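Number of protein chains: 4
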Amino acid sequence: MIEAAKESFSKQGFMKTLGAEIIHIEKGLLKIRCKKNEGLTQQHGFFHAGVLTSIMDSACGYAALTTMEKGSDVLSVEFKTNLLRPAKSDVIIATGRVVKSGRTLVFCEATVTDETEEILYTTMQGTMISLKPTN
Amino acid sequence: MIEAAKESFSKQGFMKTLGAEIIHIEKGLLKIRCKKNEGLTQQHGFFHAGVLTSIMDSACGYAALTTMEKGSDVLSVEFKTNLLRPAKSDVIIATGRVVKSGRTLVFCEATVTDETEEILYTTMQGTMISLKPTN
Amino acid sequence: MIEAAKESFSKQGFMKTLGAEIIHIEKGLLKIRCKKNEGLTQQHGFFHAGVLTSIMDSACGYAALTTMEKGSDVLSVEFKTNLLRPAKSDVIIATGRVVKSGRTLVFCEATVTDETEEILYTTMQGTMISLKPTN
Amino acid sequence: MIEAAKESFSKQGFMKTLGAEIIHIEKGLLKIRCKKNEGLTQQHGFFHAGVLTSIMDSACGYAALTTMEKGSDVLSVEFKTNLLRPAKSDVIIATGRVVKSGRTLVFCEATVTDETEEILYTTMQGTMISLKPTN
Chain A
1 MIEAAKESFS KQGFMKTLGA EIIHIEKGLL KIRCKKNEGL TQQHGFFHAG
51 VLTSIMDSAC GYAALTTMEK GSDVLSVEFK TNLLRPAKSD VIIATGRVVK
101 SGRTLVFCEA TVTDETEEIL YTTMQGTMIS LKPTN
Chain B
1001 MIEAAKESFS KQGFMKTLGA EIIHIEKGLL KIRCKKNEGL TQQHGFFHAG
1051 VLTSIMDSAC GYAALTTMEK GSDVLSVEFK TNLLRPAKSD VIIATGRVVK
1101 SGRTLVFCEA TVTDETEEIL YTTMQGTMIS LKPTN
Chain C
2001 MIEAAKESFS KQGFMKTLGA EIIHIEKGLL KIRCKKNEGL TQQHGFFHAG
2051 VLTSIMDSAC GYAALTTMEK GSDVLSVEFK TNLLRPAKSD VIIATGRVVK
2101 SGRTLVFCEA TVTDETEEIL YTTMQGTMIS LKPTN
Chain D
3001 MIEAAKESFS KQGFMKTLGA EIIHIEKGLL KIRCKKNEGL TQQHGFFHAG
3051 VLTSIMDSAC GYAALTTMEK GSDVLSVEFK TNLLRPAKSD VIIATGRVVK
3101 SGRTLVFCEA TVTDETEEIL YTTMQGTMIS LKPTN
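Line by line, the protein sequences give chains A, B, C and D. Numbering-wise (this note's numbering), the first sequence opens with residue 1 and increments by one. Numbering-wise (this note's numbering), the second sequence opens with residue 1001 and increments by one. Numbering-wise (this note's numbering), the third sequence opens with residue 2001 and increments by one. Numbering-wise (this note's numbering), the fourth sequence opens with residue 3001 and increments by one.
Everything labelled a hint here was simulated from the structure, so no lab data went into it. These numbers were taken from a predicted model, which means no experiment stands behind them. In this text, a Cβ means the ideal position worked out from N, Cα and C, and glycines have one as well. It cannot be assumed that every hint is accurate.
As the list claims (entries may be wrong) - Okay, the calculated beta carbon distance ranges per label pair:
1. D:SER3010 x A:GLY45: 45 to 53 angstroms
2. C:ARG2103 x D:GLU3003: 50 to 58 angstroms
3. B:ILE1002 x A:LEU29: 42 to 50 angstroms
4. B:GLU1117 x D:VAL3091: 28 to 36 angstroms
5. A:LYS16 x D:THR3104: 37 to 45 angstroms
6. A:ARG33 x B:ILE1119: 29 to 37 angstroms
7. B:GLY1019 x C:GLY2039: 16 to 24 angstroms
8. B:THR1104 x A:LYS16: 34 to 42 angstroms
9. C:SER2010 x A:ARG97: 36 to 44 angstroms
10. C:GLU2021 x D:GLY3071: 37 to 45 angstroms
11. A:GLU38 x B:LEU1029: 23 to 31 angstroms
12. A:LYS100 x B:ARG1097: 27 to 35 angstroms
13. A:GLU21 x C:ARG2097: 19 to 27 angstroms
14. A:GLU7 x C:SER2010: 47 to 55 angstroms
Unchecked claim - Here are the simulated lysine-lysine pairs, DSBU-like style, with alpha carbons at most 35 angstroms apart:
15. D:LYS3035 x C:LYS2070
16. A:LYS88 x D:LYS3070
17. A:LYS6 x A:LYS36
18. D:LYS3132 x A:LYS88
What the hints assert, rightly or not - With the Cβ distance kept under 8 angstroms, some of the chain A side facing chain D (calculated, not the full set):
19. LYS80
20. ASN82
21. LEU84
22. VAL99
23. LYS100
24. PHE107
25. THR123
26. GLN125
27. THR127
In isolation and in its complexed conformation, chain A is listed as follows (with noise of 0.2 angstroms):
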């Protein structure tokens, strides 16, 4: 399921609008990258709250795909963002986690930190449906 999360990434047009690349992929597990333009920023030029929680929402949707059965999709349910400080880097990382994959329902965890993944600016806990290949 790693190249179909792949794929599926590829179609996101809005992956694309904020030049989110997938930088590492394994099962359970993903990372994406995003550089700084002005059009990512919130009023203070930093990284806006919306960016940060969509690579968060892209990286947990695809590392739960790549624990689904073979031809599966993946909805987002719902997820949660807490924003501990703000983004001020100009590079930004996501890590999407697996913590519990189950027939229909998988829960993970994100955070984006700076560059060097020292420094953490926002977590999230969400939840991801698997639409079957059968539906």
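Use these hints to put chains B, C and D onto chain A, whose structure you have.
Leaving out everything else, chains B, C and D in the frame of chain A:
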């Protein structure tokens, strides 16, 4: 603070990227409109959950700002999105509403609907923090 | 499914411990009443956030169950509580409401208020899952 | 502030009702143990989601208090619980951990596991607020 909210919104480069515009603003209530294009989609061609969340976040933040002391600025502390059904319409409306405005924290709710405001796509609970003029 | 909801509620030993009782039930809507005693308090003598959340969770769960297929059971997937102000009244009312009932997942909202239902203490967004009779 | 956290915890009548006790406390980290009895169950005889959330909330709150300025008190602003699997064990451990301690807000995470701390039942993200001594 209504003018302050409009001005701060206009400084969010990310809202320009989304093509998002304020269509209604009063004390404690703000509506944002966004029109679909290929750059805002997920893998099935519908609005990406991140877009929906981003405009709900800005709607909450600026609804909150309209209730704050003159000279304040606003930051998001946390928010939670529930995704009820895929946002299949071409135009979406995010409505942010202040539920309780305290001295430091402002608690908000938001929705995204289609343009008729009859089909509910997503809901948000969120907390905003007031940055005081003297800080 | 209204009788099924009442019967399942009566099996929750924890609701007895809280002295919580259903005071209203219809399809997709359920109200629970709870009276304060010293065993339900936090450090200032008000209702503990955990009590407020517990009765909102049960209110959501059983509101959800009333909308499910006959023979179903219900479990909580996730919920989020925002605490607007300390719950200082002696009697509280939790109201759970179904926002969207799907085949597998039911999305709900809840509040806790004082007995007049005029002072809002907390809000919840939550997701419930239907366990099918044949599972 | 470790003594302050223990003392405030001892004033929570609700923690007594749950039979919850602090089994570990250090700066920014707190563990609470709870043993099952019929008064803490949901309809299948497992721990009620409200019990799990209540001890995670207190674990977060008092972990947060240990990082606050002397004389402070703590209140919960919001928290989010994800329920990964039914909590079927007889003893559960809630672990609350401070992720970022700011001047006003403290961001925490928590889990509930079985007694071996190997089976993960629930996770929480939460925000706590510091009530200053002079307020």
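Against the structure, the hints come out as follows:
| no. | hint | verdict |
| --- | --- | --- |
| 1 | D:SER3010 x A:GLY45: 45 to 53 angstroms | holds (47 angstroms) |
| 2 | C:ARG2103 x D:GLU3003: 50 to 58 angstroms | holds (53 angstroms) |
| 3 | B:ILE1002 x A:LEU29: 42 to 50 angstroms | holds (45 angstroms) |
| 4 | B:GLU1117 x D:VAL3091: 28 to 36 angstroms | violated (50 angstroms) |
| 5 | A:LYS16 x D:THR3104: 37 to 45 angstroms | holds (38 angstroms) |
| 6 | A:ARG33 x B:ILE1119: 29 to 37 angstroms | holds (35 angstroms) |
| 7 | B:GLY1019 x C:GLY2039: 16 to 24 angstroms | violated (54 angstroms) |
| 8 | B:THR1104 x A:LYS16: 34 to 42 angstroms | holds (39 angstroms) |
| 9 | C:SER2010 x A:ARG97: 36 to 44 angstroms | holds (40 angstroms) |
| 10 | C:GLU2021 x D:GLY3071: 37 to 45 angstroms | holds (40 angstroms) |
| 11 | A:GLU38 x B:LEU1029: 23 to 31 angstroms | holds (29 angstroms) |
| 12 | A:LYS100 x B:ARG1097: 27 to 35 angstroms | holds (34 angstroms) |
| 13 | A:GLU21 x C:ARG2097: 19 to 27 angstroms | violated (41 angstroms) |
| 14 | A:GLU7 x C:SER2010: 47 to 55 angstroms | holds (50 angstroms) |
| 15 | D:LYS3035 x C:LYS2070 | holds (34 angstroms) |
| 16 | A:LYS88 x D:LYS3070 | holds (31 angstroms) |
| 17 | A:LYS6 x A:LYS36 | holds (22 angstroms) |
| 18 | D:LYS3132 x A:LYS88 | holds (29 angstroms) |
| 19 | LYS80 | holds (5 angstroms) |
| 20 | ASN82 | holds (5 angstroms) |
| 21 | LEU84 | holds (5 angstroms) |
| 22 | VAL99 | holds (7 angstroms) |
| 23 | LYS100 | holds (5 angstroms) |
| 24 | PHE107 | holds (6 angstroms) |
| 25 | THR123 | holds (6 angstroms) |
| 26 | GLN125 | holds (5 angstroms) |
| 27 | THR127 | holds (7 angstroms) |
Checked against the numbered hints given earlier, this structure breaks hints 4, 7 and 13; the rest are met.
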